[in-house]
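Residue numbers (my numbering), protein chains in the order written: chain A, 1 to 353; chain B, 1001 to 1353; chain C, 2001 to 2353; chain D, 3001 to 3353.
Among the hints, erroneous ones may be present.
Unchecked claim - With a straight-line Cα cutoff of 27 Å, these simulated DSSO-like cross-link-like pairs (lysine-lysine) come out:
hint, chain 1, residue 1, chain 2, residue 2
1, B, Lys-1349, D, Lys-3349
2, C, Lys-2098, D, Lys-3349
3, A, Lys-349, C, Lys-2349
4, C, Lys-2120, B, Lys-1074
5, C, Lys-2098, D, Lys-3098
6, D, Lys-3349, A, Lys-74
7, B, Lys-1308, A, Lys-270
8, B, Lys-1120, A, Lys-270
Honestly, the hints are just simulated from the structure, not real lab data.
Quantities reported herein were computed from a predicted structural model and do not represent experimental measurements.
There are 4 protein chains.
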Amino acid sequence: MANKFGNLFTITTFGESHGPAIGGVIDGCPAGIELDFEAIQNELDRRKPGQSKIVTQRKEPDTVEFMAGIFEGKTTGASIGFRIVNTNQKSKDYSHIKDQYRPSHADYTYSQKYGHRDYKGGGRTSARETANWVVGGAVAKQAIPEIKINAFTSSVGNIHLDTPYQELDFSLIESNIARCPDAKKAEEMIDYISEIKKQGDTVGGVVTCVIQNVPVGLGEPIFDKLHAQLGKAMLSINAVKGFEFGSGFEGAAMTGSQHNDIFNADGSTKTNYSGGIQGGISNGMDIYFKVAFKPVATVIQEQETIDKDGNIVKMMGKGRHDPCVVPRAIPIVEALAAMVIVDNIMLDKARRI
Amino acid sequence: MANKFGNLFTITTFGESHGPAIGGVIDGCPAGIELDFEAIQNELDRRKPGQSKIVTQRKEPDTVEFMAGIFEGKTTGASIGFRIVNTNQKSKDYSHIKDQYRPSHADYTYSQKYGHRDYKGGGRTSARETANWVVGGAVAKQAIPEIKINAFTSSVGNIHLDTPYQELDFSLIESNIARCPDAKKAEEMIDYISEIKKQGDTVGGVVTCVIQNVPVGLGEPIFDKLHAQLGKAMLSINAVKGFEFGSGFEGAAMTGSQHNDIFNADGSTKTNYSGGIQGGISNGMDIYFKVAFKPVATVIQEQETIDKDGNIVKMMGKGRHDPCVVPRAIPIVEALAAMVIVDNIMLDKARRI
Amino acid sequence: MANKFGNLFTITTFGESHGPAIGGVIDGCPAGIELDFEAIQNELDRRKPGQSKIVTQRKEPDTVEFMAGIFEGKTTGASIGFRIVNTNQKSKDYSHIKDQYRPSHADYTYSQKYGHRDYKGGGRTSARETANWVVGGAVAKQAIPEIKINAFTSSVGNIHLDTPYQELDFSLIESNIARCPDAKKAEEMIDYISEIKKQGDTVGGVVTCVIQNVPVGLGEPIFDKLHAQLGKAMLSINAVKGFEFGSGFEGAAMTGSQHNDIFNADGSTKTNYSGGIQGGISNGMDIYFKVAFKPVATVIQEQETIDKDGNIVKMMGKGRHDPCVVPRAIPIVEALAAMVIVDNIMLDKARRI
Amino acid sequence: MANKFGNLFTITTFGESHGPAIGGVIDGCPAGIELDFEAIQNELDRRKPGQSKIVTQRKEPDTVEFMAGIFEGKTTGASIGFRIVNTNQKSKDYSHIKDQYRPSHADYTYSQKYGHRDYKGGGRTSARETANWVVGGAVAKQAIPEIKINAFTSSVGNIHLDTPYQELDFSLIESNIARCPDAKKAEEMIDYISEIKKQGDTVGGVVTCVIQNVPVGLGEPIFDKLHAQLGKAMLSINAVKGFEFGSGFEGAAMTGSQHNDIFNADGSTKTNYSGGIQGGISNGMDIYFKVAFKPVATVIQEQETIDKDGNIVKMMGKGRHDPCVVPRAIPIVEALAAMVIVDNIMLDKARRI
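Please put together the full structure from these sequences, using the hints given.
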């Protein structure tokens, strides 16, 4: 609950962006997995701030430090403790935020719920938390090397990549800073984000994720359907407003005779409106889904807001924030997906006593 | 996990449509709630088959029978056991389904996962399960009479009700069999569903749900954000392919300066793109979200499929299925929402020791 | 939590002795297990009231009725719903209990916690609940036929069976109504219980349980040690006041050089003070433990007590209660042990991805 | 599960004694608690090695470092991350243990379960883990300053403190290194442990714990009875073999008319064989229980054992181990008890919606 994710393969996290460190405990990881630490750091680097001109210019090396659960380079089956020291928590002046509630942030709700709030850098609501998830996901990925998980930017504002994912070359995702596997669309997105940034504004976008080579049978019926677990995971990411898989919202306008996925003799299907999941359980086809991100709430423009006493005040956004979170969200989406898949492989194994 | 929903207010369920009964255990319900049994049955009646010409013509009275946890008409705080006897499990011939996998059903995935499958009426994958949820939700609603939960049909196929929910009269939802609070749109929807039904086909749709009068502070940060819990709940409903709240997928195309909800002096906001939830925690504004339903997979048309040995066979849909599930899904969406809200009121109370 | 037991193989229960039925949901049971229904009923018969002269003379057939999760005699992997109809909830006069708190019962604590209390037959606190567990355990046993679980009466009052369990013939447990595999001790116990009963009094006792043929490796480290799970399970049984495994409280008086279990070449140990569990994980040796039961609180003697207004009143125990619960507790101890073992076999399997 | 303890107030831990650090995440701690860090460190000091002549002479400062969840000295309601750096993990030669299984340790079971084992200092099975629990318990204690939790040494070997706890002065517990509130018994215990130590042997003992000023109503019925939660917690401590509360195993020899706790007019009881818990729920009387610890398995004597290939080998215990763990176990027992109580106060609050 709350700060814990997963059923058998779990991650429990802590951390505020302006405290000494963030980190967590990965529990239930099978023993004997030889970890590639460079690959783990590489995932963090894909998420880290300052990596390109279209993300926040804040600098954090985001170096993960493992404290337990690994012996001679392999997982032991014991819980894996890790942390990422915060190196950028400069003694910035937060007095302007302390008593004011930034619009569309969690300042107001946290203040009301907890009374005592860490206002520096958003405290626990900081998206810095997602670096912890990337660590968990990077470990998870190494437990299931046979499964391919690729996320990419499919929309920024009104710029949409409409090409079916089957026609995309996922090896191009990392070839541009937008993380869009279509060079032309990527350029448009980069230009648009740059423009938005100049205006001191921000913009939302959509991430598409494709999971391939998934065995048949993952997912628990009724309340732990595989797509429901994936949906909950994605809706946990800061700024996410929507999730759809397979035919998604468009499927709602279709008829059954159009939408049904007809079988091939080997159990695969001719179409895949189901998105690789039927009755909550994977059918061996590609799993694909979309995640909608709203624009970042911090804009470098003057806004009206209230302080804790209900006075209307003027506020000017400060700080080095992302004009668009989508490019940095790619490894986060993949990380959560990887943890869901490992967890369900373990659950499925347990069921087959 | 699996057949259990919720954290503190939970429901654990069982049942196949063609077995003796479905039912469940509601656990954690606070003591002393005087139950209105007629209201509970009324919710079941809103979901039951045979209620109108645009739903399945199967007849089931769906009478709930409470077996424990209630004394002198009030909840005791003990677990509430209930069941709904299946009266319609006629000794129908299922031999045509036994060894065949219906397209876009869960026949194939269940067979692969469990080996031994109850093929009658879909077994555990039957949407009849949702009657259990309606019972849980009806009890939950009575624990929080001050909170108003209204769901309605906002799309059927390409017929969309685009009126902002604030301009709708929720008292009209039950005035028509489409459960759309706009008489004209409702008529269009009813006509379209009737037409689709004649063709032996089915169609999807969208449900919108609005939760009003929610206290500030509900929801747990990080992995149990209020909207993530709602999303997971909705994605558990059979046929659901997508979930969005507040600005949803449209919000992904907006800029921060457009999307930010500016505060009024009392903590309420001038706009509500946030959908009543900020940082995963309710802010006191209306919570609203949309749920996309794909078309029902059973069509009364000849389809090609495979049998368990991988032979391509012809199959003709039989049975009395819904041409569109959306009108019957309304009470299900409300029920799950009610359980999530009660659960989070309890969680929030626990946090304020 | 609360009314749910287990991690992956779980049982969630409901029921009061004087309501319409008790029952529950067994969730996570692997698919394809061919159930022997007679064996399940037989376990219930070992627990049922009225079975001998030294137990309560109340008559309940305790017939279990399965409602879901079983198809053609085999488990399907879906949740198993069951109930046991209460046939003995006669319209007895409970007015003497309604406003009074029976000493050493849960009347006072339930009243204070829940406010609204079902006072008939103890409501939810009735040990009738344990019939549900026996159903769960009987199903669990059939999932692990290779594992032998035998519980027996090892003490009644001050009559102790001190023979090491290795020298006992477990096939004699069911040969007498005390369920003590030593005919002479059994007779002493029966005589003593009969005597106590005549006095309108009750007496406590101890159950020993031995689990044999357990694979090496069951149990989760740190907070789900196998013995901690067994201990919690046993401490859930009404009237239990203590749990010890292996050397138990006597081990606390030993030295390390006495207590250490020296290995044989095959990994087995020469002694077994560890009780088959080391570091929380089974080592393949017999698991054995003891469970202490206090005397039943209902005595057919006049006692002083208080009513809800704090008045001191006289109260005379009524009803047909057990003079000693231990003989009927045997199948309950075995049932819980069986569920713990199955659960941990599943957990262990999940860990070995 | 596994490395997580608690329902709402939880602790999730990691760490091996010879890795870089141990630590954990305290989740669900209410916001606004002003932490006394000196008091937290003081609890760790009560547990730390090297504190007296009758415990291990290993030196570890055991300084806790908080990394998150605390702002301006108060808890924020966010998860609290902490760690304790291992300063004593010297590059000792463990080659003698690497391939051998020490008798009555977890070497064999861990090797069999996980395959890949951290053999240094026992890896994850090290009782160093309990320092994490002491941190969690120290925070929990500060959330409930009104509740008094006192544990003390009541037996070492065959030296028993039989005085009823009501006649003891708990302020004397810390007055001697045995942590026994009876000066004479303490001296006997200290002498005996010193003697045992000289022999290179170890000895077990018993801890008694008393929890006072507990509100009525804590505990969940059926499977989360307050004493079952306490029992599971205590059985999680390394070396524990038994748990009893109230009358415990002695109660099993009593009759109902002796054992029943007769009420006073105010709801308190004249005797307290129930141990402050009736039907799993606290009744406001003192909660008291006993925990049995076996002797430490590491003895500085030659023992026969096996290596991983099943060869019989001679082994000589090395290292600086405790001759008796009981004095250092006192703060651990209190810590777990404190976490159980806070957790149940929160659960109880949630139930009273």
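A quick look at each hint next to the structure:
Using a Cα cut-off of 27 Å, the hinted pair Lys-1349 (chain B) and Lys-3349 (chain D) holds, with the two alpha carbons roughly 6 Å apart. For the given pair, Lys-2098 (chain C) sits about 26 Å from Lys-3349 (chain D) by alpha-carbon distance, which is consistent with the 27 Å threshold. The straight-line distance between the Cα atoms of Lys-349 (chain A) and Lys-2349 (chain C) is roughly 6 Å, inside the 27 Å bound, and the hint therefore holds. At roughly 14 Å between alpha-carbon atoms, Lys-2120 (chain C) and Lys-1074 (chain B) fall within 27 Å of each other, so this suggested pair holds.
For a cut-off of 27 Å, the pair hint linking Lys-2098 (chain C) to Lys-3098 (chain D) is broken: about 65 Å separates their Cα positions. Distance restraint check for Lys-3349 (chain D) and Lys-74 (chain A): the Cα-Cα separation of roughly 43 Å exceeds the 27 Å cut-off, and the hinted pair is therefore not satisfied. The hinted pair formed by Lys-1308 (chain B) and Lys-270 (chain A) meets the criterion: a straight-line CA distance of about 17 Å does not exceed 27 Å. A C-alpha spacing of about 26 Å is found between Lys-1120 (chain B) and Lys-270 (chain A), which places the hinted pair at or below 27 Å, so the restraint holds.
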